[in-house]
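Student: Given next are the chains, with one letter for each unit.
Protein chains: 2
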Amino acid sequence: MKCTRCREPAEVKLRAHNSAFCRACFLFFFQRRVARAIEHERMFDTSSRVLVAVSGGKDSLALWEVLANDGYQTVGFHLALGIGAYSERSRARTEAFAAARGLELHVRALADESLSIPDVMGATRRPACAACGTIKRHYFDAAALEHGCDVIATGHNLDDEAARLLGNVLHWQTDHLARQKPVMQPRHEKFVRKVKPLYLTSEFETATYAFMRGIDYVVEECPNAVGATQLTYKSVLDRLEDVSPGTKAGFVRDFVARASDAFAPKPAEGAGDVAAIGTCGGCGMPSFGTLCSFCSLRAEVDRKLAKRSQTASAAPATEA
Amino acid sequence: MKCTRCREPAEVKLRAHNSAFCRACFLFFFQRRVARAIEHERMFDTSSRVLVAVSGGKDSLALWEVLANDGYQTVGFHLALGIGAYSERSRARTEAFAAARGLELHVRALADESLSIPDVMGATRRPACAACGTIKRHYFDAAALEHGCDVIATGHNLDDEAARLLGNVLHWQTDHLARQKPVMQPRHEKFVRKVKPLYLTSEFETATYAFMRGIDYVVEECPNAVGATQLTYKSVLDRLEDVSPGTKAGFVRDFVARASDAFAPKPAEGAGDVAAIGTCGGCGMPSFGTLCSFCSLRAEVDRKLAKRSQTASAAPATEA
Numbered sequence: 016m017k018c019t020r021c022r023e024p025a026e027v028k029l030r031a032h033n034s035a036f037c038r039a040c041f042l043f044f045f046q047r048r049v050a051r052a053i054e055h056e057r058m059f060d061t062s063s064r065v066l067v068a069v070s071g072g073k074d075s076l077a078l079w080e081v082l083a084n085d086g087y088q089t090v091g092f093h094l095a096l097g098i099g100a101y102s103e104r105s106r107a108r109t110e111a112f113a114a115a116r117g118l119e120l121h122v123r124a125l126a127d128e129s130l131s132i133p134d135v136m137g138a139t140r141r142p143a144c145a146a147c148g149t150i151k152r153h154y155f156d157a158a159a160l161e162h163g164c165d166v167i168a169t170g171h172n173l174d175d176e177a178a179r180l181l182g183n184v185l186h187w188q189t190d191h192l193a194r195q196k197p198v199m200q201p202r203h204e205k206f207v208r209k210v211k212p213l214y215l216t217s218e219f220e221t222a223t224y225a226f227m228r229g230i231d232y233v234v235e236e237c238p239n240a241v242g243a244t245q246l247t248y249k250s251v252l253d254r255l256e257d258v259s260p261g262t263k264a265g266f267v268r269d270f271v272a273r274a275s276d277a278f279a280p281k282p283a284e285g286a287g288d289v290a291a292i293g294t295c296g297g298c299g300m301p302s303f304g305t306l307c308s309f310c311s312l313r314a315e316v317d318r319k320l321a322k323r324s325q326t327a328s329a330a331p332a333t334e335a
Numbered sequence: 016m017k018c019t020r021c022r023e024p025a026e027v028k029l030r031a032h033n034s035a036f037c038r039a040c041f042l043f044f045f046q047r048r049v050a051r052a053i054e055h056e057r058m059f060d061t062s063s064r065v066l067v068a069v070s071g072g073k074d075s076l077a078l079w080e081v082l083a084n085d086g087y088q089t090v091g092f093h094l095a096l097g098i099g100a101y102s103e104r105s106r107a108r109t110e111a112f113a114a115a116r117g118l119e120l121h122v123r124a125l126a127d128e129s130l131s132i133p134d135v136m137g138a139t140r141r142p143a144c145a146a147c148g149t150i151k152r153h154y155f156d157a158a159a160l161e162h163g164c165d166v167i168a169t170g171h172n173l174d175d176e177a178a179r180l181l182g183n184v185l186h187w188q189t190d191h192l193a194r195q196k197p198v199m200q201p202r203h204e205k206f207v208r209k210v211k212p213l214y215l216t217s218e219f220e221t222a223t224y225a226f227m228r229g230i231d232y233v234v235e236e237c238p239n240a241v242g243a244t245q246l247t248y249k250s251v252l253d254r255l256e257d258v259s260p261g262t263k264a265g266f267v268r269d270f271v272a273r274a275s276d277a278f279a280p281k282p283a284e285g286a287g288d289v290a291a292i293g294t295c296g297g298c299g300m301p302s303f304g305t306l307c308s309f310c311s312l313r314a315e316v317d318r319k320l321a322k323r324s325q326t327a328s329a330a331p332a333t334e335a
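For the protein sequence lines, the chains are A and B, in the order given.
For this note's numbering, add 15 to where a residue sits in the first sequence, where the first one is 1.
For this note's numbering, add 15 to where a residue sits in the second sequence, where the first one is 1.
Mixed in with the good hints, there may be bad ones.
It does not matter which identical chain is used: a pair holds within one copy or between any two.
[What the hints assert, rightly or not] With a cut-off of at most 30 angstroms between alpha-carbon atoms, the simulated DSS-like pairs for lysine-lysine come out as follows:
#, residue 1, residue 2
1, Lys205, Lys151
2, Lys196, Lys281
3, Lys205, Lys322
4, Lys196, Lys28
5, Lys249, Lys196
6, Lys249, Lys28
7, Lys205, Lys281
8, Lys319, Lys151
9, Lys28, Lys151
Hints listed in this document are in silico derivations from the structure and should not be mistaken for laboratory results.
Generate the whole structure from the sequences, applying the supplied hints.
Tutor: Here's what the structure looks like:
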């Protein structure tokens, strides 16, 4: 098997691209692919300050490295979720990665705010991933504002996007479909654009990139992400990809190009939404209600924890 | 396992409906389900004359029997495709079915018009299923007109519709998505409405109905329908259905309810289309061009066959 680009012996085969690459050409191909997604979708340019949300996994670390190497101004932001050893390893890998490359990294730990994911799970009946999503969105938005960033980049890859799209399509979640884009424009001046530069880059490709570049990332999945459904979607998409290479990329790319607009809210609805956005009484960020969804969650957790500590302090008295 | 409806021993389990039925209750359930699809989607009523397109397979024969038993006015129409023994068996089963029930059946044989599917496949490079589709559409439309029918009903079942929808979605074929409905309104006065009363009834359910009712149908698939892709879609959907029963029905039903309209042509486009319809110079049916797609196909086949018979008659002369 020879490299499609230079005819030297190839190290990796990409059926979806009907190509094979040696190490140097794969790295070139990977970086160019990310760069093209950024340019084609007008995600940002070298004058932008990009907040890269880094979890410590292969996707976000690969993304951060590519952006930094391509001369973009990046600010790393890691939210330490407080999920035991998994979160400790994730933070350690992220910090080591940034230090080795001299990259600017900011870390915020949920445990410091009594809001670690285990705390939240113990205090609310919401599914862990839903609560975690709400919390991440809040801290990412707040970090972009705090660090003067124009855009937030996340490491969602093609497999993530295809599985999410399949789930949204199987249930025709038209409101979710309207929001599944590689570039989400902000709906308020305190928010910034959110972009997914890896949305056409497969998990296999980011893993290959991380391996070739010697990136030391957290391999394990989040222990809360049992995600049976999402895994079924991924395996079904793998089957389709196997029969017809390129299926996932076509599915996501053509959705964005041809179908996404069909689900966009009507101009009247959209305008109504923006006008209805007020300010959260808790954190001061934009909100539809008196409290934003993050502050509602935080209030819920605080109430439960307060109640529990009351019960705990009352209990010994009764026993005595 | 007891019947969900009458608590007698059940004979069939339907995971998608979280139900099990004895024979009598399954037949009741099946008929009611078809009747509800017809009523809910306003497909037709007892004053309509329904042309039932019957292939001799389980779906179309089950459909025809249910419609006839429910008191709808039906006219059976069978198009004999001329695909060897398969087509002979299909015609024989259809005729026997109609005769045993005293139902009105009209048969048209493509071989009588030098247009059997093998003839067409020999004369054109179009895929067999595409050519067959064009031919069927023409003869179904013509038969509805000839026999004074208001509506054409086909036996497409849930598995067919879900697989087709998945294929259309994976490639975001927005024009096909716009046309994938259980009720297609005619775009010209010479056309009639086309409906799919079994669009929410699974293949397993129609097979069970046919078995329980002793319907003698053609079990084999069309030999041309290699349809690897369609089969992959069906197997992938079976997998999703297995993990989450009801997935197929939700996928198709919610598409119709929530998403289908998003792909409808804009009012301006729609109006333009209708105005642009003229009359086919060949068959007199409505057409966008000077010849409709059926007459173009027929002309192509005629030219090829004429050329071949010229060559054949010229050949001996050269040899002599």
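Student: How would you classify Lys249 and Lys196 at a CA-CA limit of 30 angstroms: within, between, both, or neither?
Tutor: So Lys249 and Lys196 pass the 30 angstroms test inside a copy (19 angstroms) and across (28 angstroms) alike.
Student: From the Cα coordinates, with 30 angstroms as the cut-off, is the pair Lys196 and Lys281 best called within, between, both, or neither?
Tutor: For Lys196 and Lys281, the Cα distance is within 30 angstroms both inside one copy (17 angstroms) and across copies (23 angstroms).
Student: From the Cα coordinates, with 30 angstroms as the cut-off, is the pair Lys205 and Lys151 best called within, between, both, or neither?
Tutor: within (16 angstroms within a copy, 59 angstroms between copies)
Student: Checking an output row: Lys319 and Lys151, CA cutoff 30 angstroms. Within, between, both or neither?
Tutor: Cα proximity of Lys319 and Lys151: one copy only (21 angstroms, versus 66 angstroms across).
Student: How would you classify Lys249 and Lys28 at a CA-CA limit of 30 angstroms: within, between, both, or neither?
Tutor: both (20 angstroms within a copy, 29 angstroms between copies)
Student: Are the CA atoms of Lys205 and Lys281 at most 30 angstroms apart within a copy, between copies, both, or neither?
Tutor: within (23 angstroms within a copy, 36 angstroms between copies)
Student: Indicate which option fits the pair Lys28, Lys151 if close means a Cα-Cα distance not exceeding 30 angstroms: within, between, both or neither.
Tutor: Classified as neither: same-chain Cα gap 35 angstroms, cross-chain 44 angstroms, threshold 30 angstroms.
Student: I want to check one pair: Lys196 and Lys28. Are their C-alpha atoms no more than 30 angstroms apart within a copy, between two copies, both, or neither?
Tutor: Cα proximity of Lys196 and Lys28: one copy only (28 angstroms, versus 41 angstroms across).
Student: How would you label the pair Lys205, Lys322 (within, between, both, or neither) given a Cα cut-off of 30 angstroms?
Tutor: Classified as neither; 34 angstroms inside a copy, 73 angstroms across copies.
Consistency with the previously given hints fails for numbers 3 and 9, ordered from lowest to highest.
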